[in-house]
Amino acid sequence: MELGPYLLLATIEGAVTAAVLALTAVGLSLVFGVMRVVNIAHGEFFMLGAVLAWWIAQLVGGHAAWGFAAALIGAPLIVGALAMAADVTILKRLSYDPERTIVATIGLLYIIQQSALMIYGPDARPVEAPFNTGIALPWPEYGPDGWQMIWPWGLGTTSYKLAVIGAAVLILCAVWAVMARTRFGLIMRATQADREMATAFGIPVTRVYAATFGLGAGLAALAGVLIVPIQQAHYLMGADPLLLSFIVVIIGGLGSLPGTVVAAVLIGLSDGIISVFFSPTLAKILATLLVALVLVFRPQGLFGKHAP
Amino acid sequence: MRVVAPHLGLLALLLSLHFVLPAYHHGNLARVMVLASFAMGYNILFGYTGLLSLGHALFFAAGMYGAGLAVQHLGWGAGPSLVAGIAAGAVVSATLALLALRTSGVAFMIVTLMFAQAGALTILHFSEITGGDEGFVLPQAGRMVAGLDLSDANTRYLAALVLFAVCLSLSLWLVRTPFGRVLVAIRENEERARMLGYDPFAHKFAAMVISGTMAAAAGATYGVLFGYVGSSFAEVQYSILPLLYVLLGGTGTVLGPFVGTLFMFYLIDLSSDITTAHMLIAGVALVGLTLFAPQGIMGEIRRRLWKGLP
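Line order of the protein sequences matches chains P and V.
If you use this note's numbering, the first sequence corresponds to residues 11 to 318, in order.
If you use this note's numbering, the second sequence corresponds to residues 39 to 348, in order.
Note that these hints are calculated values from the structure, not bench results.
All values derive from a computational prediction rather than experimental measurement.
Heads up, the beta-carbon is just placed ideally off N, CA and C, and yes, glycines get one too.
Careful: at least some of the hints might be erroneous.
One side of the interface only, derived from the structure: several residues of chain P facing chain V at Cβ under 8 Å [claimed, not checked]:
hint : residue
1    : Val215
2    : Leu253
3    : Val301
Model the full structure from these sequences, guided by the hints.
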């Protein structure tokens, strides 16, 4: 293949990464923004979503689409409920002290990950996509008869991958609508702006926190469900999304949702494109160093206005 | 003397255990002493200065690879290699301190985590030199120091004890000097320490370099004593473990890191007979400790029995 089609392919793969990453990172950003909690266990909620998707699809049986649809609704709800339980039993009792909650969520990470190993086992298992037709993509080329469309071999994607991108856009719009247009969103933003003032106005802050933690985990689980037909479910799969979401959230500015989405698209696309030309490990080294240096020299993020 | 006695007592106990322990526990205790030295280094930064680092695996690995690569590629003996490992740790921790100490709180934790992650990935990336995720086994020649064979179980135990004794005395001495008192003052209230005329940055910098160098000494010793250098020692888990050891044993106590390491090591060792998911124990311990006993074992002893415990 020539460079052009190659780049197009990398962009599509990158867009899928970006879509899933944006969902995961928005969950992390929401939790940090509202609760000021750095949730190290966030990647494990992603993994739980994927593993539960496999379990639910097994349970439902029948046509692949039914199992997947059930997983798409069931897995985020279960993970959200688990996260809310963790919030009430652990984080709330630490009064959301930033440093102690980090240690507790590290503990949570190991508990979830190792429980998954014990119950689900060390194997990677696939979930069948509800639909998965191959789509060959055309590429314009200048030939003897002038410009014409050719279909280079290997340049193609699947309908499912495009659907993932579409679904992520829809979900992100829904999250934005909830935050900006509903009463619940208003309450969340009020809590984010000033916790004590919100309490004084009669907002049940502890319940808002539990809901936020559940929502953040649910978004990560949703991303896990969406990715599992492309990438199999495995108990260690939470590490990469966690690292990438951290990178995205920090570069986008801690707690800023639009910044997070922009950074997710940027990182997802460049990850796809850089991995094609350089080694993926090198790409990750550069990204982690970039994040560390951004935090050191520009703690408000590349797009944020105020230091957190 | 009252303060020094229990620490000397522990060292004497460890020395006498050398002659009576069965082979299996003898080997375990050698490992525990090296890991406890790592945890004591961590404790200087976390327990006494109040800076929670999530990147100490970087220092441990700097020591281990500094020593291991010197043996592997330069053909050095164990003595100079250990020095090389410790020097590598000092350089790495000074560099990271200069950058990371510009931040504080949660940002400090994430910055150290990210640099450690970058370090682990770098080891994987240059796999021709470092052996990638398989690591490499140190040749016998690189494990000899002054005619002593460090791969022998008896010498190994005594070498671990020497490292442990040095780190223990250094910690005990350090926290009782005026310098150590200032570190505690910074932990309790940085602004107040500044108002009193101390330079928080200089003190935190020194604490981080001492802490990182001690961790590197433990890493270099671990590599030379047990003969294996691998990238798993640079991963996040090895940043979490010293935190866990210190939390369990008691933050800001000199004996705490050893007590915590001993407990955790045997807890994980016993549980791996039952399940492969032995890090589950670590997770439960982390959550339980933050919830119910943020002081740890020695912290509880200090609170209930002996107020003056260093």
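*Where does the structure disagree with the numbered hints, that is, which hint numbers, in rising order?*
1
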